[in-house]
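The residues making up each chain are set out below.
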Amino acid sequence: MLENLVKWSRIKSPWVIHFNSGGCNGCDIEILAALMPRLDAERFGVLLQGSPRHSDVLVCTGAVTEQMKDRLIRIYEQTPEPKFVIACGTCAITGAMFESYNTHGGIDKVIPVNAYVPGCPPKPEAILDGVVKLLTSLKEG
Amino acid sequence: MAEVTIPIGPQHPALKEPERFLVTVEGETVVGADIRIGHMHRGIEKLAEHRTYIQNLYLTERICGICSFTHTTNFSQVTEEALGLEVPKRGLYLRTLVNELERIHSHLLWLGVAGHEMGFDTLFMYSWDDREIVQDILENMTGNRVNYAYNAIGGVRRDISDSQAQEVLRGMDAIEERMKYYVNVALNEKTILKRTQGIGVLKTEDAKRLCAVGPLLRASNVKDDVRRDDPYAAYGEIPFDVITADTCDVHGQVVVRALEVVESLKMCRHIIKNLPTGDIRVKAPRKVPPGETISHTEAPRGEDIHYLKSNGTDKPERLKVRAPTLANILSVAHMLKGIYIADIPMVVAGIDPCMACMDRVLIVDKDKETSQMVEMDVLRKFGNEWYEKEAHR
Ligand code: SF4
Numbered sequence: 001m002l003e004n005l006v007k008w009s010r011i012k013s014p015w016v017i018h019f020n021s022g023g024c025n026g027c028d029i030e031i032l033a034a035l036m037p038r039l040d041a042e043r044f045g046v047l048l049q050g051s052p053r054h055s056d057v058l059v060c061t062g063a064v065t066e067q068m069k070d071r072l073i074r075i076y077e078q079t080p081e082p083k084f085v086i087a088c089g090t091c092a093i094t095g096a097m098f099e100s101y102n103t104h105g106g107i108d109k110v111i112p113v114n115a116y117v118p119g120c121p122p123k124p125e126a127i128l129d130g131v132v133k134l135l136t137s138l139k140e141g
Numbered sequence: 142m143a144e145v146t147i148p149i150g151p152q153h154p155a156l157k158e159p160e161r162f163l164v165t166v167e168g169e170t171v172v173g174a175d176i177r178i179g180h181m182h183r184g185i186e187k188l189a190e191h192r193t194y195i196q197n198l199y200l201t202e203r204i205c206g207i208c209s210f211t212h213t214t215n216f217s218q219v220t221e222e223a224l225g226l227e228v229p230k231r232g233l234y235l236r237t238l239v240n241e242l243e244r245i246h247s248h249l250l251w252l253g254v255a256g257h258e259m260g261f262d263t264l265f266m267y268s269w270d271d272r273e274i275v276q277d278i279l280e281n282m283t284g285n286r287v288n289y290a291y292n293a294i295g296g297v298r299r300d301i302s303d304s305q306a307q308e309v310l311r312g313m314d315a316i317e318e319r320m321k322y323y324v325n326v327a328l329n330e331k332t333i334l335k336r337t338q339g340i341g342v343l344k345t346e347d348a349k350r351l352c353a354v355g356p357l358l359r360a361s362n363v364k365d366d367v368r369r370d371d372p373y374a375a376y377g378e379i380p381f382d383v384i385t386a387d388t389c390d391v392h393g394q395v396v397v398r399a400l401e402v403v404e405s406l407k408m409c410r411h412i413i414k415n416l417p418t419g420d421i422r423v424k425a426p427r428k429v430p431p432g433e434t435i436s437h438t439e440a441p442r443g444e445d446i447h448y449l450k451s452n453g454t455d456k457p458e459r460l461k462v463r464a465p466t467l468a469n470i471l472s473v474a475h476m477l478k479g480i481y482i483a484d485i486p487m488v489v490a491g492i493d494p495c496m497a498c499m500d501r502v503l504i505v506d507k508d509k510e511t512s513q514m515v516e517m518d519v520l521r522k523f524g525n526e527w528y529e530k531e532a533h534r
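Just so you know, the protein sequences line up as chains P and V, in that order.
Residue numbering for the first sequence follows this note's numbering, beginning at 1 and increasing consecutively.
Residue numbering for the second sequence follows this note's numbering, beginning at 142 and increasing consecutively.
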């Protein structure tokens with residue numbers, strides 16, 4: 001009973017934190033655009049949070065630069081369980097065009113990732129779709 | 142009173158992108174500020190040396206997602222100059238059009254972020270909603286909302302149809318209507334006045350001394366704009382005013398940006414109405430003869446410079462990019478001095494920092510190592526203390 005309640009509230013109010021690990025900013029403005037009035041992600045209970053300690057979903061962009069790697073890991077550690085990670089954008093998935101001496105080639109090289117949203121940048125609709133798909137998979141699993 | 146040093150960032154609720162500040166405070170007043178850059182360094186200049194010119198167009202586009210078109214314009218210009226290519230008139234006009242559309246979207250975006258920083262979230266929602274009008278136009282014209290891939294070496298990739306042109310005009314009308322509200326808000330709204338007037342003062346001579354660029358410089362009452370001073374693309378044929386403000390503070394920056402959008406709207410209309418006929422593009426050879434070229438453009442955030450050294454092959458020998466935020470970051474350190482801690486986000490947001498742009502430029506000299514070490518030390522100490530505190534709980 002209590003478990004169901006927790007699960008229900010988890011699905012209905014995913015608080016997200018957005019972390020740029022070295023992308024071009026394109027994805028970041030699209031993530032914000034997904035929260036804006038036109039798509040209004042808040043109707044799914046999605047709320048942008050400032051602190052990792054208050055959030056459930058980590059939306060990461062960027063190819064993970066050397067300097068941001070440790071910070072990404074620390075932010076991930078600070079997020080309370082259960083936590084989910086979305087890698088948003090092509091360069092967050094594989095490193096794409098930023099495959100260089102200073103990048104690690106994707107979020108999943110550094111921390112575990114639950115959902116991938118491809119596109120450079122993905123449209124806000126796609127990002128929202130990724131979040132909804134993640135939530136649906138929680139409901140089932 | 143004892144001085145205390147507070148580290149801010151790299152991940153901080155007030156900052157959209159990773160950046161790191163070390164501010165020294167006495168009570169509530171900031172007495173010194175130290176800025177660490179380089180978190181977003183991706184090695185783009187090095188990557189550019191391993192790609193052909195055409196591939197580099199897509200790479201330079203991704204230097205920064207917000208001002209992507211300026212970077213590709215710049216890169217096309219240096220390459221065209223090295224090749225000695227003459228771009229057709231229509232291509233230049235279309236380039237200018239997208240440049241101005243990008244300025245509108247970037248300034249509206251900034252207005253929203255600034256509103257957010259001062260706790261005026263309604264403005265944030267409003268301006269981002271209106272920004273969608275420009276995004277729709279851009280998507281319709283170029284095929285993408287953010288990284289448009291519209292420039293080509295020798296022109297632009299897509300022509301504009303009559304119905305698209307009409308849509309641009311309709312969009313301009315809609316935004317103009319909304320801009321009346323924003324200009325009024327920027328000039329008279331109490332929240333904005335209270336949070337921005339007299340904050341982050343950058344006097345004219347300081348702005349010149351610290352080499353500020355773009356709206357920050359114009360807000361310090363210097364009439365300086367690459368579009369007017371050294372016209373590129375079709376700017377020489379399009380009438381517009383360079384907006385300046387004499388308040389030399391963050392409020393001046395808000396006003397300059399709001400009025401610049403109005404100017405850009407007029408320019409877009411002028412371009413659509415006077416669009417020349419003809420080709421949009423000439424074919425460019427793949428190999429670029431050896432030489433050195435430089436080009437600058439006015440990005441939404443200020444002057445953006447590209448330098449190219451070619452060596453006769455189809456790949457550049459060296460590409461150097463100086464993005465506007467790097468030029469403005471010194472001014473931030475200056476502007477932070479003497480303000481309250483609570484005003485830090487406002488001043489930082491004031492220059493419209495674009496870290497992704499700037500951070501390809503990791504200064505590689507012997508200082509790099511020492512400055513990096515300092516940062517790691519501080520960070521480690523901070524982390525240690527944090528874990529200690531956690532352990533006591
Ligand atoms: S996926 Fe593309 S748009 Fe997104 S951050 Fe990476 S380079 Fe930028």
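Hint data in this document are derived by calculation from the structure and do not stem from the laboratory.
Be careful, since some hints might not be right.
Think about it this way: if two alpha-carbon atoms lie no more than 30 Å apart in a straight line, the pair counts; the simulated DSS-like pairs of lysine-lysine are [claimed, not checked]:
| hint | chain 1 | residue 1 | chain 2 | residue 2 |
| --- | --- | --- | --- | --- |
| 1 | V | K364 | V | K335 |
| 2 | V | K335 | P | K69 |
| 3 | V | K407 | P | K123 |
| 4 | P | K69 | V | K364 |
| 5 | P | K109 | V | K349 |
| 6 | P | K83 | P | K109 |
Which stretches of chain P does chain V cover? Using the computed rule of at least three CB atoms under 8 Å from a CB of chain V, they are [unchecked claim]:
| hint | segment |
| --- | --- |
| 7 | 36-45 |
| 8 | 65-74 |
| 9 | 94-101 |
| 10 | 106-118 |
| 11 | 130-139 |
The following label-pair restraints were derived from C-beta to C-beta distances [what the hints assert, rightly or not]:
| hint | chain 1 | residue 1 | chain 2 | residue 2 | range |
| --- | --- | --- | --- | --- | --- |
| 12 | V | T170 | P | M1 | 26 to 36 Å |
| 13 | V | R410 | P | A126 | 25 to 35 Å |
| 14 | P | G45 | V | D262 | 29 to 39 Å |
| 15 | V | Y199 | P | P37 | 26 to 36 Å |
| 16 | V | D270 | P | I73 | 47 to 57 Å |
Where a beta carbon is used, it is the ideal one built from N, C-alpha and C, also for glycine.
Status of the hints after comparison with the structure:
no. : hint                          : result
1   : K364(V) / K335(V)             : holds (26 Å)
2   : K335(V) / K69(P)              : violated (39 Å)
3   : K407(V) / K123(P)             : holds (29 Å)
4   : K69(P) / K364(V)              : violated (42 Å)
5   : K109(P) / K349(V)             : violated (45 Å)
6   : K83(P) / K109(P)              : holds (17 Å)
7   : 36-45                         : holds (count 3)
8   : 65-74                         : holds (count 6)
9   : 94-101                        : holds (count 5)
10  : 106-118                       : violated (count 0)
11  : 130-139                       : violated (count 0)
12  : T170(V) / M1(P): 26 to 36 Å   : violated (55 Å)
13  : R410(V) / A126(P): 25 to 35 Å : holds (33 Å)
14  : G45(P) / D262(V): 29 to 39 Å  : violated (18 Å)
15  : Y199(V) / P37(P): 26 to 36 Å  : holds (32 Å)
16  : D270(V) / I73(P): 47 to 57 Å  : violated (36 Å)
Violated hints, in rising order: 2, 4, 5, 10, 11, 12, 14, 16; the structure is consistent with all others.
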